[in-house]
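Student: Line by line, the protein sequences give chains A and B. With our numbering, the residue at position 13 of the first sequence is 13, and numbering never jumps. To get our numbering, take the position in the second sequence, counting from 1, and add 1000.
Hints listed in this document are in silico derivations from the structure and should not be mistaken for laboratory results. All C-beta atoms in this analysis are idealised placements derived from N, C-alpha and C, irrespective of residue type, glycine included. Warning: the hint list may mix true and false statements.
[As the list claims (entries may be wrong)] If we take Cβ atoms under 7 Å as the criterion, some of the chain B residues that face chain A in the derived model are:
(1) S1201
(2) D1242
(3) F1310
(4) P1416
[Unchecked claim] With the Cβ distance kept under 8 Å, some of the chain B side facing chain A (calculated, not the full set):
(5) R1028
(6) F1065
(7) T1091
(8) L1186
(9) T1188
(10) V1194
(11) L1212
(12) P1215
(13) L1217
(14) A1309
(15) A1314
(16) M1419
(17) E1420
(18) Y1424
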Amino acid sequence: MTKFCSLNTVPAGRCYIIMRIDADADLSARMRALGLQPGRRIQVMRRSPFHGPIQVRSGQTDIIIRRADAAAIHVRPCDPNIEHSPANEPECN
Amino acid sequence: MSKRIALVGMPNTGKSTLFNRLTGAGARVGNWPGLTVELLSAKLLLGDSMVELVDLPGLHNLHGFSEDERVARHFIETQPVNGLLVVLNATQLERQLALVLQLKALGLPMLLVLNMADEAASRGIRIQVETLSASLGLPISLVSAKHGQGVPELRQALTAWLRQYPTPITAQARVLAEDDNIEHTLDTLLAQTVHVPPVLSPSHTDRLDHFLLHPWLGLPLFLLIMLGVFQVVYGLGTPLQDGLGWLLDALKTRWLAPAISGLPAWAISFLLEGLYDGIGTVMTFLPIIVVFFLAMAVVEDSGYLARAAFLMDALMSRMGLDGRAFVLQLMGFGCNVPAMMGARVIRSRAQRILTMMTIPFSLCSARLQVFLFFTTAVFSPRAAPWVLFSLYVISFAVTFLTAWIWRGRARKGADPLLMELPPYRLPTVSVLARQSLRESGHFLRQAGGFIILGVALVWFLTHFPLGAAPASPATLAGRLAGWMEPIFSPLGIDQLLSIALLFGFVAKEVVIGALAVIYGAGGDQLSGILAQRLDWIQAYSFMLFTLVYTPCLSALATLRREAGGSRYMWASLVWSLGIAWLLSFAFYQTARALTQ
Ligand SMILES: Nc1nc2c(ncn2[C@@H]2O[C@H](COP(=O)(O)OP(=O)(O)OP(=O)(O)O)[C@@H](O)[C@H]2O)c(=O)[nH]1
Ligand SMILES: [Mg+2]
């Protein structure tokens, strides 16, 4: 299986595509209702201080999610050039 | 046959706003997902038939498991309705349409309302309503519930729709369509019918958030905003309060006193020093309460509360709570009861109960009245606002301490904080007007109801037996206070004050009214007496005790109902009494020792 980055590790301001969500059925249904589901393009807007939640934008919706829960969301950069360059691997974990 | 329509949709899509718009009712509205947690219904005339419209809490999906979602789901699944009025946020169709497809499986007639047409237009979002309607096979109206565009057309559509479905039916046992299937249908549909501009320039919300959610400016700005709000309430409210106080006093001396001068002395005392002073002194707080709730409405409707949750979550998580608990604490500034009910959005039971246990320490508007009265009476005008501020700080400190001590199980089964951060919005004048009407109505009903009762009872206790000097040790109140003396004298709270505290147990609004009766003076005179009899240490000790000592009766009843058992109610009562006593004791004894 390809290795993707977890959403809690990616930098703010860049476009990512959700590849997989490893959460239980209830949580992933809630994530889906807020616009977090495989195939969606998302962007991390900012992180709150003291290791607090992050703000994610999916389409027209902004969402607050804790970093621990964001770790279940696996993404890859929207731009395929970045995806294939191994030099960018470290930023994914 | 009676007709019924239910308002269904995701949280914060404007269901309650539309409900108010259609029925003229006064449902609470706010830019916070999960504001409505209970069913609310009102009548509406459509064509020639009376229809019951029911406002439901928001639903994320039909698998929802939080308490508020359960309320909505239970209603939809069990109650016969003529149809569902499904409210969607027109700017977020890409995620909200999935709910429509899930609802379709229930086999109930549906009419879609694409709300917030104004926001969609200003973001350049275009929706092909006819095409969408044809492909979904459902009638659709594009409206702005807040500003009223499209609402007359919606009424017509509703009337026609009702004619088509005249008899209420119950939902079919759910045959949930495969969600993946739904997704596939949706993507094609959205591509055909919704046009979103590819690159959106930063909105007002983005620009504001740049500062308000800034990693290290965010929290200081939060404090500044709170201080600003209280400055406004204080600055606008106190002159109005003084004016009303003067008016009530003038009425008493010029008109009421001469009018009843023929009555026996005890009756004059009961009417003037009991009812009039007691109720009148409470009534002078009406302007402050109205201004206060207006400010709360502006904050609630602005969308800032969700930001507060974002900023405070890290801190709250250390105590087994989350950012939402902090927001409920802020909502509790108005009244603790709805704030406790708002905890229904929290799914983990342990965490929800912990949140509800902390809310009674939030400094509600009833306690604010007591503190305003005492700080203005005993402290200098320059010190008074800071004294008040310190009480808010202590209220948070006690909240945090309570959560920290009781956090136990809540820390393990944490409920993932996952919520929408809505855009900033401005309240309309009509929303504000409705809010202030509702709050002043509530206040007046209380003053006319149990506050009269409380004040009359206090008068009786302090004047019986009739021969004794009012509130002297020979009266019933005096004897009662004598028994409680060993508890209260180490706190610097004298006998007369302890009587008022006894009544504050029912509701904190009665405290000031009770004091007016006990001292036989209202308004300014009462302030004068308090200033004479209490030094600042005694006054502050009394305020500390009042802040913490017990949730009012309705808060306790709510806690019992929402937590499903009296265990937590008793725990809350014993804990808050204990902590209040220790806090006042520590403060009073230390301050006395230091100032000796
Ligand atoms: N711009 C705009 N804002 C709206 C409109 N309708 C509602 N709002 C705002 O959206 C926010 C949410 O409105 P509510 O009516 O409380 O939403 P709700 O669906 O009842 O929310 P819950 O009770 O939490 O499920 C409030 O700030 C409203 O002022 C609209 O047509 N246009
Ligand atoms: Mg609502």
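Student: Can the hint on R1028(B) be confirmed by a CB-to-CB distance to chain A that is less than 8 Å?
Tutor: 22 Å, violated
Student: L1186(B) was flagged as interface toward chain A. Is the shortest Cβ-Cβ separation under 8 Å?
Tutor: Given a least distance of 11 Å, the restraint on L1186(B) is violated.
Student: Under 8 Å, Cβ to Cβ, is where A1309(B) needs to be relative to chain A, so tell me if that hint holds or is violated.
Tutor: 7 Å, holds
Student: Given P1215(B) as an interface hint, is its Cβ closer than 8 Å to any Cβ of chain A?
Tutor: 5 Å, holds
Student: Given T1188(B) was flagged as interface, is its beta-carbon under 8 Å from a beta-carbon of chain A?
Tutor: 13 Å, violated
Student: Are L1212(B) and chain A close enough, Cβ to Cβ, to be under 8 Å, as the hint says?
Tutor: With a minimum Cβ separation of about 11 Å from chain A (threshold 8 Å), the hint on L1212(B) is violated.
Student: Identify whether the interface hint at T1091(B) stands, where standing means a beta carbon of chain A within less than 8 Å of its own.
Tutor: Holds - the Cβ of T1091(B) comes within 8 Å of chain A, reaching about 5 Å at its closest.
Student: Tell me if F1065(B) is really an interface residue toward chain A, meaning its C-beta lies closer than 8 Å to one of theirs.
Tutor: F1065(B) check passes; min Cβ-Cβ to chain A is 6 Å, inside 8 Å.
Student: If you take the shortest Cβ to Cβ gap from E1420(B) to chain A, is it below 8 Å?
Tutor: 6 Å, holds
Student: Identify whether the interface hint at A1314(B) stands, where standing means a beta carbon of chain A within less than 8 Å of its own.
Tutor: With Cβ-Cβ at 3 Å, under 8 Å, it holds.
Student: Hint check: is the beta carbon of M1419(B) less than 8 Å from a beta carbon of chain A?
Tutor: 5 Å, holds
Student: Minimum Cβ distance from S1201(B) to chain A below 7 Å?
Tutor: 14 Å, violated
Checked against the numbered hints above, the structure violates hints 1, 2, 5, 8, 9, 10, 11, 13, 18; every other hint is satisfied.
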